[in-house]
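As they're listed, the protein sequences go chains A and B. Residues 1 to 252, numbered by the working numbering, are exactly what the first sequence covers, in order. Residues 1 to 322, numbered by the working numbering, are exactly what the second sequence covers, in order.
Please keep in mind that the hints were generated in silico from the structure rather than gathered at the bench. Cβ coordinates follow ideal geometry from the N, Cα and C atoms, glycine included. Just so you know, not all the hints are guaranteed correct.
Far from chain A, by Cβ distances over 12 Å, these chain B residues were calculated [unchecked claim]:
| # | residue |
| --- | --- |
| 1 | Ser26 |
| 2 | Asp30 |
| 3 | Asp42 |
| 4 | Ser46 |
| 5 | His49 |
| 6 | Ala52 |
| 7 | Lys58 |
| 8 | Asp84 |
| 9 | Ser87 |
| 10 | Lys167 |
| 11 | Ala170 |
| 12 | Lys201 |
| 13 | Gln222 |
Label pairs and their calculated CB-CB ranges [unchecked claim]:
| # | chain 1 | residue 1 | chain 2 | residue 2 | range |
| --- | --- | --- | --- | --- | --- |
| 14 | A | Tyr218 | B | Gln191 | 34 to 44 Å |
| 15 | B | Lys319 | A | Thr64 | 43 to 53 Å |
| 16 | A | Gly50 | B | Asp242 | 24 to 34 Å |
| 17 | A | Glu158 | B | Ser46 | 18 to 28 Å |
| 18 | B | Lys15 | A | Asn105 | 37 to 47 Å |
| 19 | A | Gln227 | B | Asp148 | 42 to 52 Å |
Not everything, but these chain A residues come out facing chain B in the computed CB check (under 10 Å) [said to hold, decoys possible]:
| # | residue |
| --- | --- |
| 20 | Ile13 |
| 21 | Lys18 |
| 22 | Asp117 |
| 23 | Tyr120 |
| 24 | Gly121 |
| 25 | Thr123 |
| 26 | Gln163 |
| 27 | Ala171 |
| 28 | Glu225 |
| 29 | Ala238 |
| 30 | Glu243 |
| 31 | Glu248 |
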Amino acid sequence: MKQVANKDAVLRISSDEKWINESDVAMQTNESDGYALEEALRIKEAKGEGEVIVCTLGPQGAKTVIKDALARGADRAIHVVVENSNKLSPYQIANAIAEAIREENADLVLTGLQSDDASYGQTGVILAELLNIPHATIVIEVDRSSLTGNIRIKRELESGWYQWFNYKLPALFTIQSGISQIRYASLKGIMAAKKKEIREITASIADFPSAQTIQKVYMPLKTKETQILGGGDAKKAAVELVERLRNEVRVI
Amino acid sequence: MILVFIEHKNCVLNKTSLEAIAAAQSIGKDLSLKVTAVIPCDKDCSLAHEIAGYDLEKVIVAKSEKLGTYTPDGYAGAWEHVIDATSPKYVVMAHTYQVRDFAPKLAARLDREVVGDCIRYRVENAELVLTRRMFLGKLDADISVGGDAPYFITFQSGAFRGDNAAKGNAMTETMEVTVGDIRMTPEGPFQEAKASVDLTKSDVIVAIGRGIKSQENIAIAQQLADALGADLAASRPICDADWLPIDRQIGSSGQTVAPKLYIALGISGAIQHIVGMKNAGTIVAVNKDAEAPIFDIADYGIVGDLFEAVPVMIEEIKKAKG
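With the sequences and hints as input, model every part of the structure.
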């Protein structure tokens with residue numbers, strides 16, 4: 001599970017122009033990672049046994065993601081501590097996570113589909129390759145009755161199509177947002193979380209010659225001339241808009 | 001050379017592959033590299049002939065009995081074989097759901113990674129610098145590739161135009177590929193209960209996003225839609241929350257629309273939504289956040305509270321219609 005900038009945050013580009021200033025934005029759990037945790041908890045509940053381990057790679061500040069996950073019901077956590085994690089390429093991230101979790105020999109590894117910041121969308125897939133287990137991406141349903149060494153999952157394809165796949169465990173799935181409703185942490189959960197183990201690993205990040213590098217981030221170039229109406233007055237803008245829709249766009 | 005991936009289902013082309021051909025041809029021209037198309041298939045793919053009608057050096061059908069239905073293991077294995085046999089400098093693909101599934105695996109197997117979902121490129125010192133969106137479309141990032149070839153690049157749908165793919169006459173070749181164990185068993189693809197609402201035929205769409213805040217507030221958007229004779233649609237979070245049924249969803253996982261008028265209320269404009277509506281004739285965005293990426297593609301923008309603007313819009317439309 002990854003910590004990312006809040007979806008609604010106004011972003012300021014950092015002075016090296018390679019990332020954003022994370023110190024002045026609210027941070028949150030990456031959306032699809034939250035769904036991945038929820039699915040893990042539901043699978044454990046359906047099976048009636050097992051353990052859900054949360055793994056986060058990121059700076060010390062990412063502990064809030066872990067604590068929240070433990071409060072929702074995860075059993076214990078592994079924190080791969082990397083302060084400048086936004087400098088890492090997806091392979092480096094996946095490799096550090098693979099080393100951290102390999103010996104857990106998990107039956108099932110769930111990740112979010114992609115992060116809402118870098119959006120590389122490949123950490124989970126590379127992780128599966130490094131752990132030498134099969135994977136599926138964009139999983140929108142898990143057949144929780146299928147959990148007997150095999151697992152049946154539904155993938156989202158494009159344009160409203162879906163497909164079920166069958167896997168032998170262990171396997172890795174990247175979870176699509178919306179797979180189920182995410183639970184809130186209960187007061188009991190929050191109290192219980194305080195006693196749960198968070199194991200810190202200080203990762204030595206291996207050099208990766210083929211790493212992609214962010215040269216520069218910047219505001220997107222405008223492709224269209226946008227007329228901003230109303231000069232800050234929403235009601236005035238609405239009047240102007242309807243006038244335009246009538247006389248210029250001619251839809252009224 | 002450049003390899004370009006041709007995606008298909010039962011030998012029927014996924015048309016975004018033509019965009020990948022256009023992208024590969026463009027890069028090939030800029031870097032003086034030849035382009036070869038690769039079609040994984042379990043037979044002498046009938047699509048090869050169609051693809052050979054484009055300006056390519058060659059069309060390779062990567063053939064194995066294990067490639068009848070798509071699996072990530074099958075496709076990664078077939079591609080590994082083709083790359084080994086051809087030593088490409090670049091591998092270019094469209095950023096489809098299928099490519100997202102197998103390309104990172106293929107790259108990782110070769111100790112590489114994918115520069116994914118790119119929207120454009122430029123050439124710097126005879127190497128590509130790719131631009132991709134980050135932070136849900138709020139920022140662009142220029143990315144340089146590292147290490148040795150091959151480099152894996154995927155382009156976002158719409159970054160290149162498929163009808164710009166240059167025509168020609170390429171030879172075709174069948175390459176028998178060795179594919180390892182397939183560790184997953186696919187069932188047949190299917191569509192959920194047919195979409196009862198076909199938004200692709202709508203002339204006017206009023207779409208809502210997270211800015212609508214609650215299910216009760218949808219009524220005001222519906223009133224605007226009624227006043228305009230429009231259909232109501234939504235971005236993904238609204239359908240995920242079950243506030244509107246999935247057949248109202250616009251975007252990569254929903255419907256792709258091109259109405260005359262698209263009014264986006266409280267939609268920030270994540271890429272996944274924008275790819276589904278950017279070809280609308282006129283786009284209106286109402287959003288509190290002046291930095292929301294939806295304003296980058298809007299013709300008219302209202303920076304402000306939709307709950308202030310929409311009632312006035314309804315009133316004015318009713319007045320205008322008499």
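Open item on the list: Let me make sure I understand: some of the numbered hints might not hold for this structure. Which ones are they, in numerical order?
Closed with: No hint contradicted; all consistent.
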